[in-house]
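Quick note: the sequence shown uses the numbering used here, first residue 1, plus one each step.
Treat each hint with caution, since some may be false.
Cβ pair distances, simulated, as ranges [what the hints assert, rightly or not]:
#1 189 to 168: 44 to 52 Å
#2 71 to 174: 41 to 49 Å
#3 84 to 372: 50 to 58 Å
#4 178 to 260: 46 to 54 Å
#5 336 to 230: 16 to 24 Å
#6 217 to 274: 25 to 33 Å
In the SDA-like style, the derived pairs of lysine to any residue whose C-alpha atoms are separated by at most 20 Å in a straight line are [unchecked claim]:
#7 133 to 166
#8 375 to 166
#9 213 to 251
Read the hints as simulated data drawn from the structure, not as lab findings. Each residue gets a CB set at the ideal place from its N, CA and C atoms; glycine is no exception.
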Amino acid sequence: MTWCHSPTPSTSNPSNRPSYSTKSPIRSSNRSPDHPRPPSPPPAPRPRRHAARRQRRGRGRGRPPSPLRTYRRATKLLLALLFGTAFLLLADRCAVMYAEKKAQQKLQQALHLEAQPQVDIRGFPFLTQVLTKRLRQVDVTVPDVAADRVSLAKVRASARDIRLTGSLPAGIHGAVVGRLEGNVLLAFDDMNRELGASQVRFSDLGGNTIGAKGRLSVAGQDLVLRARARLRRDGDRAVSTAVDDMSLDLPRVATYRPGPGEGRTLTLHPEAAELLSRDAARVKALLSVPAIAARLGVSEEDVALALRSEERLHELTGAPRFVERLTKVNLVDVVLDNPWLLERLGIDPQLITALTRLQPPALADRLALSFRLPKQADDLHLHAVTVQRDGIRVELTAAGLPIGS
């Protein structure tokens, strides 16, 4: 008996059409159960990017590094080192400049200086010295320091082993200098300007001796002033001079040397003595004064013969040593007792009168070169004094010198 099946209308299909399955029909397999189908191989995994990179890196591990890559790395390290060193150097130098500027201001205020001193901090690096609070060396140059009657052209000092006092970074309030060596220059140019009033010039004569030469007006006549001053140290704080061998020259006529009592002299210049020996009238005037004839070594008998006989007078004045003896005769007391003789010699009597009134201390005071270290530098001491071509140089020393509070 055969059954016929008719499609049942679905409620979800309003058209009442027959529905068909989309699944493909199952095909029958010709394999028997004793021979199953072999499993298919799993799909190969896709390589990841980092794994590929590791693989590529691993391939080059056995090879030497590229020279170009090594050069680039070395260049980068070198540039980094240079930039770092330059930065540290710049910071260190900026710190030095700042410290030097502050020290200059402090010294100018402490010593009451008109000009700002120059301070040079030696040693490198500076910041490590500050951290240890010990400076190796500091050089100071101070111009134009007032010292008694004159000003010191330049004061130089080199301080070593300086210990800073106070706490870092902003608590430094002073220092102690372990050892200080310096020198002071008293320039001849400054001495000419301040002591000589542009009329006297000082120079080195050797052997710690200073020569002074200038012009001095006496009784309306300009005389040439010459003197010699020897330096001496007064303790360890001052330097003074002893002025001697002072003379006032009336050019081509005579030289006057002031002094106490018999130390005063008035002598003729060789030019004036030579002219005088050729003038019979003037020679007779000299020989008529017994004191002059005695100082010339001429006896009274020879004087009488010379005054009567021109030939005898010529023989006397023509002697080889007559002019030389005439330049050594001291005329100061003779002309004071016989003023008329000055006119015969061609000398103004008023000039001699004015010269004899000059006192040696007054003249020496005009040429005094003494000076004393300023009171602000109580811890400095004079070590040596020498005369050089450009002036007087004094060496200074100090130990344990405190600076600041």
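Comparing the hints with the structure gives:
Distance hint check: the CB atoms of residue 189 and residue 168 are about 45 Å apart, consistent with the given range 44 to 52 Å. Judged by the Cβ atoms, the range 41 to 49 Å given for residue 71 and residue 174 is violated: they are separated by roughly 54 Å. Restraint check, residue 84 to residue 372: a C-beta distance of roughly 53 Å satisfies the suggested window 50 to 58 Å. Residue 178 and residue 260 have their C-beta atoms about 51 Å apart, which keeps the hinted 46 to 54 Å range intact.
Restraint check, residue 336 to residue 230: a C-beta distance of roughly 31 Å breaks the suggested window 16 to 24 Å. Taking the beta carbon of each, residue 217 and residue 274 are about 28 Å apart, inside 25 to 33 Å as hinted. Annotation: proposed proximity of residue 133 to residue 166 holds, straight-line Cα distance about 9 Å (limit 20 Å). With a C-alpha separation of about 26 Å, the suggested pairing of residue 375 with residue 166 is violated against the 20 Å cut-off.
Using a Cα cut-off of 20 Å, the hinted pair residue 213 and residue 251 holds, with the two alpha carbons roughly 14 Å apart.
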